[in-house]
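> Next come the chains, spelled out residue by residue.
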Amino acid sequence: MLPDNLNIITLVSIGAHPTSGRARRAEQDARAVELGLRLAGDKLQVLHAGNPADEALRAYLGMGLSELTVLEQPSHGDALPLLNSYLKDAGAQLVLTGSQAETGEGSGMLPFLLAEQLGWPLVVGLAEVEKIENGMAQVLQALPRGQRRRLKVRLPFIACVDNAAPTARQSAFGPARRGQLQACEVAVVDDSLLVDAHFQPARPRPKRLKVIKAKTGAERMKAATAKAAGGGGQVLKDVSPQAGAEAIFKLLVEEGMLR
Amino acid sequence: MSDIIRRDPRAEWIARNRLHPLHAAMQTAQTSWMGPNGIVRKNPHVVGFIGPNGLKRIDRSGAQQGGSGKRATASAVVQLPLHVIEQPAFYIAVVPDMIGGRLSSHDKDLLGLANKLAGSDGAVVAVVFGEHKETAFDTAGVDRLLQIEGELFEGYAPEQRVLALSAVESQLAPRHWLLPDSRTGGGELGRRLAAKLGERPATRVWQVAEGQCIGRAGAGREDLVRSAPRLILAAVECAEPVSDTRHEVRQVELLDQIARNLPRIEDLGAVAVDPALIPMAEAEFILSGGNGVKDWTQFHQAAAALGATEGASRVAVDDGFMPRNRQVGATGTWVTARVYMAVGISGAIQHLQGIGACDKVIAINLDPGCDMIKRADLSVIGDSAAILAALIERVTAYRQGGARDAA
Numbered sequence: 001m002l003p004d005n006l007n008i009i010t011l012v013s014i015g016a017h018p019t020s021g022r023a024r025r026a027e028q029d030a031r032a033v034e035l036g037l038r039l040a041g042d043k044l045q046v047l048h049a050g051n052p053a054d055e056a057l058r059a060y061l062g063m064g065l066s067e068l069t070v071l072e073q074p075s076h077g078d079a080l081p082l083l084n085s086y087l088k089d090a091g092a093q094l095v096l097t098g099s100q101a102e103t104g105e106g107s108g109m110l111p112f113l114l115a116e117q118l119g120w121p122l123v124v125g126l127a128e129v130e131k132i133e134n135g136m137a138q139v140l141q142a143l144p145r146g147q148r149r150r151l152k153v154r155l156p157f158i159a160c161v162d163n164a165a166p167t168a169r170q171s172a173f174g175p176a177r178r179g180q181l182q183a184c185e186v187a188v189v190d191d192s193l194l195v196d197a198h199f200q201p202a203r204p205r206p207k208r209l210k211v212i213k214a215k216t217g218a219e220r221m222k223a224a225t226a227k228a229a230g231g232g233g234q235v236l237k238d239v240s241p242q243a244g245a246e247a248i249f250k251l252l253v254e255e256g257m258l259r
Numbered sequence: 001m002s003d004i005i006r007r008d009p010r011a012e013w014i015a016r017n018r019l020h021p022l023h024a025a026m027q028t029a030q031t032s033w034m035g036p037n038g039i040v041r042k043n044p045h046v047v048g049f050i051g052p053n054g055l056k057r058i059d060r061s062g063a064q065q066g067g068s069g070k071r072a073t074a075s076a077v078v079q080l081p082l083h084v085i086e087q088p089a090f091y092i093a094v095v096p097d098m099i100g101g102r103l104s105s106h107d108k109d110l111l112g113l114a115n116k117l118a119g120s121d122g123a124v125v126a127v128v129f130g131e132h133k134e135t136a137f138d139t140a141g142v143d144r145l146l147q148i149e150g151e152l153f154e155g156y157a158p159e160q161r162v163l164a165l166s167a168v169e170s171q172l173a174p175r176h177w178l179l180p181d182s183r184t185g186g187g188e189l190g191r192r193l194a195a196k197l198g199e200r201p202a203t204r205v206w207q208v209a210e211g212q213c214i215g216r217a218g219a220g221r222e223d224l225v226r227s228a229p230r231l232i233l234a235a236v237e238c239a240e241p242v243s244d245t246r247h248e249v250r251q252v253e254l255l256d257q258i259a260r261n262l263p264r265i266e267d268l269g270a271v272a273v274d275p276a277l278i279p280m281a282e283a284e285f286i287l288s289g290g291n292g293v294k295d296w297t298q299f300h301q302a303a304a305a306l307g308a309t310e311g312a313s314r315v316a317v318d319d320g321f322m323p324r325n326r327q328v329g330a331t332g333t334w335v336t337a338r339v340y341m342a343v344g345i346s347g348a349i350q351h352l353q354g355i356g357a358c359d360k361v362i363a364i365n366l367d368p369g370c371d372m373i374k375r376a377d378l379s380v381i382g383d384s385a386a387i388l389a390a391l392i393e394r395v396t397a398y399r400q401g402g403a404r405d406a407a
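Read top to bottom, the protein sequences are chains A and B. So the first sequence is numbered by my numbering: it starts at 1 and just counts up by one. So the second sequence is numbered by my numbering: it starts at 1 and just counts up by one.
Mixed in with the good hints, there may be bad ones.
Each computed DSS-like pair below joins lysine-lysine, with the alpha-carbon atoms no more than 30 Å apart [what the hints assert, rightly or not]:
hint : chain 1 : residue 1 : chain 2 : residue 2
1    : B       : K108      : A       : K210
2    : B       : K374      : A       : K210
3    : A       : K210      : B       : K133
Quick list of simulated restraints, FRET-style, between CB atoms [stated by the list, open to error]:
hint : chain 1 : residue 1 : chain 2 : residue 2 : range
4    : A       : G217      : B       : A304      : 47 to 57 Å
5    : A       : P204      : B       : S243      : 21 to 31 Å
6    : A       : V239      : B       : A330      : 27 to 37 Å
Some chain A residues well away from chain B (every beta-carbon gap over 12 Å; in silico) [unchecked claim]:
hint : residue
7    : G41
8    : K43
9    : E55
10   : S66
11   : K88
12   : E133
13   : G146
14   : R149
15   : C160
16   : S171
17   : A172
18   : G174
19   : R178
20   : L181
21   : E185
22   : V188
Bear in mind the hints are in silico, worked out from the structure with no lab data behind them. On a predicted model such as this, the values are computed, not experimentally measured, just so you know. Glycine is no exception: its CB is placed at the ideal position from the N, C-alpha and C atoms.
Whole structure, please, built from the sequences with the hints as guidance.
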């Protein structure tokens, strides 16, 4: 159900291991590459804005890519204008990204800003592309609690994937060495964020205390010993099974549980 | 019931009649009096009352008076003081997620943060799309409520919602926009709004104080400290929810027409997902069986008919009717379902701990006195097999009727 000449670009970034902080391929970006490889095979283009000498980029090449384009810029640069001008002329039908970066600000705004500036629709939480025909794509969107939603979206569009997308394949050493990193010289734009903001090591968040605003000892005692009580729950006694089932059915419909 | 103290002539008569069997119970127990020498005398034997299990109890708070004294009237619900903002100096706009049409705990935290930012001059305006079922907007801290209704906003319509929010922006020009940074919609809507308004938002914010906000950055190993921007996407527990004021939920109308756009993303509706594949900790609807379930084949049928994820109590797992990974409770999985249906589970405290985060609990049980019924929002007393059979029948009829309507 997929056309042969599909032009897909995946945007990748450098990730950081959650415990050690070592540079690695970013988890969600690797999933985006995996999804792109499944859709476009060898013709997938992968794009990175940053330092082309970074060894962690080779982990993406090790997934079976022959080359990776790097828009060269220092780490404090703003990637958005570079990517915007590149994508304007690239003629891509689908741009895949992760949902948020593992290093730096990690606000997850990049796909939203790109979509706004390019005037393309944006799909959040892409899980699967079912078919692409007549300039429309039918995709599955991942929702919380394991649910899925089917969407129909016009090409070209931007999609960001999260952890519901297929797991990324392993990176192999040989292809990672053989792959080409193509550096492009572009004008560097500085990011205005770090003028008034600074990073600090993440503090563990304080655990929320259960504050009991009791005025008397009896109230405090009651709050400390109270069992989980729903209070005014409705109890149906001595009803026929049909009437009971009807009441349950009504509540399920009201809560939207029967789809 | 009014607080007027009424005389009970019969009780007075019994108190006078020493031969009456209830005479002792009707004695007004005098605990202290002035003695003849001007010393206050006390009778310690009449202090307290006989508790439900026959032991004497002394309650020194004075709240409870067993036996004697005037008949207790139902204590009136304490009204929290009303917080009125007649002419707001500025607005703080909040767009709650409203999962299932109600404020989630994340939404309430966010409203608490909004009230902190609003102080005593600003008004918190909540923007709600479509119908809602919430009844406690006032105690959650909503000064103004802006409801945006219409077919265009139903289902998945983020682009249309962003247009509506930009209409709110041009009408109220709120000082801050607050959205929950959640996967259920707030995170996406907030980022779309930020892109539309051209604001750089602060994301995953967990503390806002003195004009500075702290949010998680990257993969969570660093925090980003910055001055609070106009648009804040806040994480859970970003502030304490409002607890000691009541707010007037004054309705606000949008004056301008909301611009329409041709939707570029079409919602084709939810896709049926195999409920058995959803991890139980995050399943939305769980049908759980316990010792009271005798017909397990029918139980599995019911789960399939309802489209529910299956769970079980410890007894059912120990008896081998369900696998261990389906156990709900302290030693099993702590579930977060929106609707939890307990069939034949009496509700041991370990089980009730496991379902503490569930919104609605439905109980089907033979014993009307069990703990699960006290926890449940709806309980049906009766034979579980008969009720499940009736429920399967009802749901099947509903599904077929729906299919006929669609065709």
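> Now tell me, hint by hint, if it's right for this structure.
Do the hints match the structure? See the list:
1. A hinted pair counts as satisfied when its Cα atoms are at most 30 Å apart, and K108/B with K210/A qualifies at roughly 15 Å.
2. Pair hint K374/B plus K210/A holds up; C-alpha atoms about 23 Å apart against a cutoff of 30 Å.
3. Annotation: proposed proximity of K210/A to K133/B holds, straight-line Cα distance about 27 Å (limit 30 Å).
4. The hinted range of 47 to 57 Å is satisfied by G217/A and A304/B, whose Cβ atoms lie roughly 52 Å apart.
5. For the pair P204/A and S243/B, the beta carbons lie near 25 Å from each other, so the given range of 21 to 31 Å is met.
6. Separation of V239/A from A330/B is about 33 Å and conforms to the stated range, judged on CB atoms against 27 to 37 Å.
7. Every C-beta of chain B lies more than 12 Å from that of G41/A, the closest at about 26 Å, which supports listing it as non-interface.
8. For K43/A, the condition that its CB be more than 12 Å from all CB atoms of chain B holds, with the nearest at approximately 25 Å.
9. Once the 12 Å rule is applied to beta carbons, E55/A is consistent with being away from chain B; the minimum gap is 19 Å.
10. Interface exclusion of S66/A from chain B stands, the closest Cβ pair being 29 Å apart, more than 12 Å.
11. Residue-level check passed: K88/A sits 17 Å from the nearest beta carbon of chain B, beyond 12 Å.
12. Look at E133/A: its CB is around 14 Å from the nearest CB on chain B, clear of 12 Å, so calling it non-interface holds up.
13. Not every CB of chain B lies more than 12 Å from the CB of G146/A, the least distance being 4 Å, so the non-interface label is violated.
14. The beta carbon of R149/A is not kept farther than 12 Å from every beta carbon of chain B, the shortest such distance being approximately 6 Å.
15. With a cut of 12 Å on Cβ distances, C160/A falls inside the contact zone with chain B, its closest approach being about 10 Å.
16. Non-interface status of S171/A relative to chain B is upheld: no Cβ of that chain comes within 12 Å, the nearest being about 19 Å off.
17. A cut-off of 12 Å between C-beta atoms confirms that A172/A is not in contact with chain B; the least separation is 24 Å.
18. Taking the minimum C-beta to C-beta distance to chain B, about 28 Å, the non-interface status of G174/A holds against the 12 Å cut.
19. R178/A, annotated as away from the interface, keeps every beta carbon of chain B farther than 12 Å; the closest lies near 29 Å.
20. Distance check for L181/A against chain B: the nearest CB is about 23 Å away, which clears 12 Å, and the non-interface claim stands.
21. The Cβ of E185/A lies farther than 12 Å from every Cβ of chain B, with a closest approach of about 27 Å, so its non-interface assignment holds.
22. At roughly 19 Å from the closest C-beta of chain B, the C-beta of V188/A stays outside 12 Å, upholding its exclusion from the interface.
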